[in-house]
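Residue numbers (my numbering), protein chains in the order written: chain A, 5 to 151; chain B, 5 to 151; chain C, 5 to 151; chain D, 5 to 151; chain E, 5 to 151; chain F, 5 to 151.
Any given hint could be a false lead.
Repeated chains share a single entry, so a pair holds when one copy, or any two copies, can fit it.
[Stated by the list, open to error] Below 20 angstroms or equal to it, Euclidean Cα-Cα: the simulated DMTMM-like pairs (lysine to aspartate or glutamate) are:
hint, residue 1, residue 2
1, Lys116, Asp80
2, Lys64, Glu117
3, Lys64, Asp42
The set of hints was computed from the structure by calculation and includes no laboratory data.
Remember, predicted model here, so these are calculated numbers, not experimental data.
Number of protein chains: 6
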Amino acid sequence: MVTSTQVAARSSHRPPETLFPPRALVRGEERRMPFDPDEWRQYRARMNDRILSADDRSIKRFFALDTDVYARGALDARTKELMGLVASMVLRCDDCVRYHIDRCLAEGASAKEITEALAIALVVGGSITIPHLRRAFEALDAFAAQR
Amino acid sequence: MVTSTQVAARSSHRPPETLFPPRALVRGEERRMPFDPDEWRQYRARMNDRILSADDRSIKRFFALDTDVYARGALDARTKELMGLVASMVLRCDDCVRYHIDRCLAEGASAKEITEALAIALVVGGSITIPHLRRAFEALDAFAAQR
Amino acid sequence: MVTSTQVAARSSHRPPETLFPPRALVRGEERRMPFDPDEWRQYRARMNDRILSADDRSIKRFFALDTDVYARGALDARTKELMGLVASMVLRCDDCVRYHIDRCLAEGASAKEITEALAIALVVGGSITIPHLRRAFEALDAFAAQR
Amino acid sequence: MVTSTQVAARSSHRPPETLFPPRALVRGEERRMPFDPDEWRQYRARMNDRILSADDRSIKRFFALDTDVYARGALDARTKELMGLVASMVLRCDDCVRYHIDRCLAEGASAKEITEALAIALVVGGSITIPHLRRAFEALDAFAAQR
Amino acid sequence: MVTSTQVAARSSHRPPETLFPPRALVRGEERRMPFDPDEWRQYRARMNDRILSADDRSIKRFFALDTDVYARGALDARTKELMGLVASMVLRCDDCVRYHIDRCLAEGASAKEITEALAIALVVGGSITIPHLRRAFEALDAFAAQR
Amino acid sequence: MVTSTQVAARSSHRPPETLFPPRALVRGEERRMPFDPDEWRQYRARMNDRILSADDRSIKRFFALDTDVYARGALDARTKELMGLVASMVLRCDDCVRYHIDRCLAEGASAKEITEALAIALVVGGSITIPHLRRAFEALDAFAAQR
């Protein structure tokens with residue numbers, strides 16, 4: 005229906021040269037540096053600790069609930085994490101998308117299953133989700149490279 | 005942790021009488037009449053035909069794609085419809101929620117599985133989704149009554 | 005800066021006659037009948053009971069948390085309900101707006117305070133909130149008429 | 005690529021009979037009665053007056069600004085109203101969609117131009133906008149019938 | 005009505021010195037470095053290729069549709085790209101805003117037309133869009149500097 | 005109900021070492037460098053000037069209105085800024101959250117009051133706001149360190 009080249013040509017106005025020098029990797033727009041899973045985990049852990057240190061009862065209960073709702077029940081954890089991924093994508097939250105991709109992989113979801121979940125999110129949420137789809141695949145590759 | 009009565013008391017300001025006379029059913033706020041699955045299906049079918057009659061190529065391709073993305077692939081249709089339900093709930097679209105509940109039931113999802121999907125959507129999407137959760141359970145009961 | 009008449013003229017395409025016969029009240033757009041606080045409370049109470057009857061642990065914990073977070077702390081309950089109103093308006097949830105207006109009145113907020121909260125929501129959320137602003141004032145008048 | 009029949013079949017679960025008796029028109033889902041442009045205009049005008057009667061300076065200035073921004077400038081009023089329509093559709097506000105369709109027609113936009121604007125909104129906003137697309141076409145037909 | 009100085013004073017808490025040393029340009033908040041159109045295009049092209057390499061039929065069809073819907077029809081391509089810009093702004097997607105500004109310029113839209121489109125988006129979407137408006141003007145200037 | 009450790013363990017996949025070396029501070033996820041209030045203010049001031057230099061009447065009026073609506077009225081400025089914070093959080097705008105935290109502190113709000121406002125936003129807006137909550141606390145600490 006459409007070749008990769010046709011789509012890329014229109015949707016990116018790619019300049020003549022198609023080489024991506026290391027410099028592009030280091031300074032890519034909104035992604036000055038490639039996504040680094042370990043730093044991302046550290047920032048999350050550090051700030052979660054900071055939030056919980058405020059000792060607000062409602063916030064602490066919410067965090068506990070957020071953990072609990074993905075536990076196996078009638079649906080298994082893998083399916084629930086895939087649902088969390090779809091919800092995160094249609095709501096366009098990069099951090100949440102990364103988190104659920106990491107969790108999906110930990111629960112044994114395949115790249116193909118994750119891709120199909122992302123396709124549903126793309127159709128439900130529309131083209132406005134495409135920038136997040138790019139960052140989702142970047143995260144998927146970064147997490148996969150660690151396993 | 006909390007009884008149904010305590011929650012209901014706070015979140016509804018229920019008047020002393022708890023009888024729901026037929027009049028309430030007929031004139032309930034935003035729900036003048038109880039949800040009627042058959043009329044809902046007819047309105048959808050009629051307006052889908054109207055939209056497609058405009059003969060816009062992009063719209064027709066989108067509708068085809070919207071059908072295609074839920075077909076069985078690496079994930080089965082039941083899982084995909086549950087994902088569509090979660091996406092619809094966090095995006096707070098009553099019509100879409102009803103549609104995917106209907107489809108989930110058709111694909112064999114249980115009420116418990118649907119409830120767990122709705123719980124994930126509630127935690128991801130927050131209390132702003134609660135009015136849609138009410139209408140989701142109303143639709144679930146109406147569809148179940150037809151089977 | 006602008007008269008009510010000028011604004012109304014542009015933004016409503018009001019037909020020549022400006023009489024609002026009872027028929028308009030009965031069949032108003034998206035408001036076939038005027039907002040009825042008691043029926044609204046009954047529908048909420050009935051469906052909250054239905055939701056809690058599903059006995060899902062996460063949903064029950066969320067409902068408890070949703071009650072708890074508005075309790076007096078460093079901020080008083082009136083301020084918290086006004087915050088809930090602003091959040092509901094920018095997220096454009098009519099049901100939530102009505103609920104928090106009802107609660108604001110119960111906590112002693114004045115019509116002027118509620119109006120200022122709605123003005124902030126209008127500026128933050130933009131003209132897309134105006135239809136919800138109409139329904140908010142309709143609810144405000146309906147609740148006030150009961151007190 | 006897809007026939008109207010195939011799409012309708014999947015996306016509506018149309019019951020065997022495809023006759024739409026008057027009863028369906030009167031009680032259609034979320035549209036108990038067909039959209040009535042005059043009543044809709046009256047409700048808007050009445051509630052706009054109510055809002056402005058609260059005499060809040062910020063709200064009045066916002067309403068004035070909301071009128072002003074669509075006036076002819078470098079872009080003509082027809083183009084601006086079509087933009088307002090696209091914005092309203094991706095933000096999924098039925099009332100705003102109806103208002104801008106009415107204004108687009110008043111500024112001389114054709115049904116084909118309005119349809120193309122709606123197609124862009126559908127692709128940007130995704131399938132979650134489809135229920136609003138149905139109501140948009142219903143409004144388009146109702147407004148057109150008055151001209 | 006308001007001078008630039010008054011607005012800036014309130015909405016930015018500008019420190020006494022109003023010089024913007026090169027360091028500020030290099031490390032500006034959320035904009036560590038000024039927006040670089042070429043790197044941005046390269047990241048998009050590279051990740052679009054990555055997404056399409058997953059060979060998911062729905063995703064590929066969506067990308068094709070996303071190209072097609074902006075082609076000249078009853079509305080010309082310039083008008084459609086301006087609509088895409090308004091939709092992207094009210095949905096608050098920086099990447100999409102940049103893309104459509106680039107496309108608007110390529111289709112011959114003037115800075116004044118783009119500004120009027122952004123003004124509509126600001127009024128529809130509210131003050132929450134202002135941070136995106138800042139980045140939109142930064143992108144507009146960066147793209148213009150390349151032509 | 006849940007310990008900080010349990011929550012952090014699940015929601016962060018923290019690697020064995022829990023030391024946060026300076027490197028993590030410098031290159032933290034989406035926050036390559038720690039939030040710097042002064043640079044952030046400078047970027048805002050510079051781009052606000054750029055926007056106003058476009059001399060669009062609607063945009064200038066909107067900016068004036070955005071200043072005006074937070075002025076003391078029936079509600080004091082501190083309460084209004086806290087409302088702006090809640091609205092910004094549920095709409096998930098990091099820049100707006102930072103701005104209103106800065107303003108709340110300037111109006112004398114305590115860290116505890118700000119935390120309770122954020123807790124309301126978390127419950128209304130759901131877990132999708134958590135990444136913004138992390139950045140809110142980071143900003144709160146950075147602003148507090150300047151006072």
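Here is how each hint holds up against the structure:
1. For the identical chains of this complex, lysine 116 and aspartate 80 are neighbours both inside a copy (18 angstroms) and across copies (12 angstroms), given an alpha-carbon limit of 20 angstroms.
2. Taking CA atoms no more than 20 angstroms apart as the test, lysine 64 paired with glutamate 117 passes between copies only; the shortest distance there is 16 angstroms, against 32 angstroms inside one copy.
3. With identical chains, the CA atoms of lysine 64 and aspartate 42 are never at most 20 angstroms apart, being 25 angstroms at best within one copy and 32 angstroms at best between copies.
Checked against the numbered hints above, the structure violates only hint 3.
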